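This is what each chain is made of:
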Amino acid sequence: MDMQATKKKLGLKERYQVMTRGLDWTPSYQKMEDIYPYVAYEGIKIHDWDKWEDPFRLTMDAYWKYQAEKERKLYAIIDAYAQNNGHLSVTDARYINTVKLFLTGVSPLEYMAHRGFAHAGRQFPGAGPRVACLMQSLDEIRHAQTQIHALSNYNKHYNGLHEFRHMHDRVWYLSVPKSFFDDAVTAGPFEFMVAIGFSFEYVLTNLLFVPFVSGAAYNGDMSTMTFGFSAQSDEARHMTLGLEVIKFILEQDPANLPIVQRWIDKWTWRGYRVLTLVAMMMDYMLPKRTMSWKEAWEVYFEENGGALFKDLARYGITMPKCAETIALEKDHLSHQAWGTFYNYGAAAAFHTWVPEKDEMDWLAAKYPESFDKYYRPRLEYWREQAAKGNRFYNKTLPMLCQTCQIPMLFTEPGDPTKICYREVDYKDNKYHFCSDHCKEIFEHEPEKYIQSWLPVHQIYQGNCFPEGTDPTGEGFDPLAAVLQYYHLEFGRDNLDFEGSEDQKNFDTWRGMATKNV
Amino acid sequence: MAVAAVKTYEFEPADALGKFHGAQLLYIGWEDHLLFCAPFAFPFPPTMPFGAIIDQVLPGAFGYHPDFARIDWTRAEWFKSGKPWSPDFSRSLAENGLKHKDVIRFRTPGLNGIAGSCS
Chain A
1 MDMQATKKKL GLKERYQVMT RGLDWTPSYQ KMEDIYPYVA YEGIKIHDWD
51 KWEDPFRLTM DAYWKYQAEK ERKLYAIIDA YAQNNGHLSV TDARYINTVK
101 LFLTGVSPLE YMAHRGFAHA GRQFPGAGPR VACLMQSLDE IRHAQTQIHA
151 LSNYNKHYNG LHEFRHMHDR VWYLSVPKSF FDDAVTAGPF EFMVAIGFSF
201 EYVLTNLLFV PFVSGAAYNG DMSTMTFGFS AQSDEARHMT LGLEVIKFIL
251 EQDPANLPIV QRWIDKWTWR GYRVLTLVAM MMDYMLPKRT MSWKEAWEVY
301 FEENGGALFK DLARYGITMP KCAETIALEK DHLSHQAWGT FYNYGAAAAF
351 HTWVPEKDEM DWLAAKYPES FDKYYRPRLE YWREQAAKGN RFYNKTLPML
401 CQTCQIPMLF TEPGDPTKIC YREVDYKDNK YHFCSDHCKE IFEHEPEKYI
451 QSWLPVHQIY QGNCFPEGTD PTGEGFDPLA AVLQYYHLEF GRDNLDFEGS
501 EDQKNFDTWR GMATKNV
Chain B
1 MAVAAVKTYE FEPADALGKF HGAQLLYIGW EDHLLFCAPF AFPFPPTMPF
51 GAIIDQVLPG AFGYHPDFAR IDWTRAEWFK SGKPWSPDFS RSLAENGLKH
101 KDVIRFRTPG LNGIAGSCS
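Chains A and B, in that order, give the protein sequences. For what it's worth, full-length UniProt numbering labels the leading residue of the first sequence as 1, then goes sequentially. For what it's worth, full-length UniProt numbering labels the leading residue of the second sequence as 1, then goes sequentially.
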């Protein structure tokens with residue numbers, strides 16, 4: 001006769017306890033400071049890790065089951081999109097350039113977020129935050145994978161997507177998102193959590209994902225839209241974690257407040273500078289626009305973020321100072337950014353163009369204070385010249401900001417006719433900045449930022465040519481050599497959209513789908 | 001310590017003068033002409049005469065702009081790190097006091113970009 005073992009089923013709460021904090025143990029023969037070497041040097045004081053409130057009551061087995069279900073649905077849609085030549089139903093081929101920007105600039109950051117959360121989680125002595133970081137770390141690598149899978153379909157048909165990972169570490173404008181995340185992962189675990197968990201995931205994420213995902217939806221890109229929606233339930237969890245981190249740190253010790261406030265100031269600004277790419281995507285790259293950058297900033301930062309900082313006032317946290325500068329830039333940011341890519345269109349892995357007349361009218365309506373006065377004359381001149389066969393390609397390398405690594409394209413707060421120059425002398429060397437905020441970040445940790453890998457300076461040092469190149473050889477063409485080093489194919493991946501292979505192929509293929517040829 | 005780190009973290013800057021094969025960096029901006037989105041960065045030997053920048057370098061960098069051909073260099077106003085400055089065209093960069101990673105700008109009175117828009 002079989003023995004009937006009494007199966008005692010755990011209640012939800014008990015089960016959660018056993019599967020998360022129950023997995024922790026107290027070391028007996030190693031010192032805590034040897035096991036967690038990075039937990040003290042940032043100056044954050046934690047007295048009781050058990051005060052951590054788990055933001056998502058999720059155990060690993062439930063996580064697995066739930067995410068597997070979601071991904072089955074996601075891949076079914078991605079497959080259907082690919083099989084039905086869904087790429088031909090996007091508004092026009094210019095749209096695909098936003099996908100290129102996303103895959104080269106953003107998806108590799110998802111992977112870095114995976115590494116960052118795994119690292120931060122490993123360094124926290126508390127079991128609660130460790131489990132939360134583990135879950136987010138898994139989310140992030142799934143997001144990197146699903147994005148790469150979803151967008152790989154475009155790589156079969158269009159240029160500029162073939163070497164996204166290689167480019168991310170080398171191409172001049174991709175050093176902006178890359179260095180942003182490298183800055184975060186090389187900080188201590190607490191700063192990383194405030195930088196990415198709070199400032200990016202909580203305060204700014206809506207300005208990254210909503211514009212891309214709703215832009216995809218408006219422009220007929222089902223696969224991007226689907227991974228966006230699939231990631232959304234994870235994002236909600238990430239936001240909860242970001243907020244919990246801030247509250248937990250601040251409740252632990254009053255001395256933590258000034259450190260956290262400085263990090264929030266720093267990372268709101270660092271994140272905002274990266275969003276420059278989103279601003280120009282929204283205003284210039286989407287054939288069918290959703291809302292302007294300025295409107296998005298007002299809704300997602302000024303209104304929603306304003307409410308958040310009001311809520312955090314009880315901890316002593318105030319709105320980051322940079323919000324005032326950003327408010328002055330919102331009429332100009334996207335125009336100055338697109339102008340920069342139009343300048344350097346020969347060295348970008350996506351196409352650029354001058355907006356059509358109706359698009360300029362849309363911009364004038366959305367930006368009545370700035371577009372017609374400062375930016376329309378520039379764009380119209382470029383269009384006239386391009387029509388005469390004199391398309392502007394700037395071939396001289398720009399001066400970069402030491403902190404954000406963006407070309408010095410930003411204008412003085414309140415004067416859009418003057419470039420904003422700031423500089424600092426540090427140990428007999430000069431360093432230059434695009435803004436007071438980037439300068440302040442440098443001044444706080446100069447030894448970190450004097451190591452910035454600035455693409456322009458690296459090119460001049462001779463570090464950005466394919467191996468074996470002789471820059472002293474006869475007929476050496478530095479631009480060609482740099483593009484080879486980027487794995488960027490001249491004439492296919494770069495230059496104006498007008499006349500590009502992407503444009504021709506899209507028109508031909510769509511024609512085959514809709515006409516009898 | 002000038003960086004948050006678990007131990008001493010001090011290294012040569014990534015852009016130290018010695019890494020540019022004998023050249024030093026000079027940044028040059030043209031005021032009121034934002035058709036060029038940002039100031040330019042150049043590697044120049046310190047022995048190069050300042051006038052060579054005007055004659056040999058700037059036409060390639062700024063020549064696309066219709067205002068460029070109209071510049072009267074005797075009337076151009078120069079700034080170094082934002083402060084008024086007078087270069088001697090016949091002397092070298094070093095003799096003009098230009099060091100690695102200095103930034104200079106010039107203003108061309110009367111020339112204000114495309115349709116006066118500072119473009």
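Because the hints were derived from the structure by calculation, they are not lab data. Warning: the hint list may mix true and false statements.
Computed list of lysine to aspartate or glutamate pairs in DMTMM-like fashion (alpha-carbon distance at most 25 Å, straight line) [stated by the list, open to error]:
id, chain 1, residue 1, chain 2, residue 2
1, B, Lys7, A, Asp34
2, A, Lys430, B, Glu95
3, B, Lys7, A, Asp428
4, A, Lys439, B, Glu12
Given the structure is predicted, the values throughout are model-derived calculations rather than measurements.
A quick look at each hint next to the structure:
1. Lys7/B with Asp34/A: holds, 15 Å
2. Lys430/A with Glu95/B: holds, 19 Å
3. Lys7/B with Asp428/A: holds, 23 Å
4. Lys439/A with Glu12/B: Answer holds: lysine 439/A to glutamate 12/B is near 20 Å, not above 25 Å.
The earlier numbered hints are all upheld by this structure, with none contradicted.
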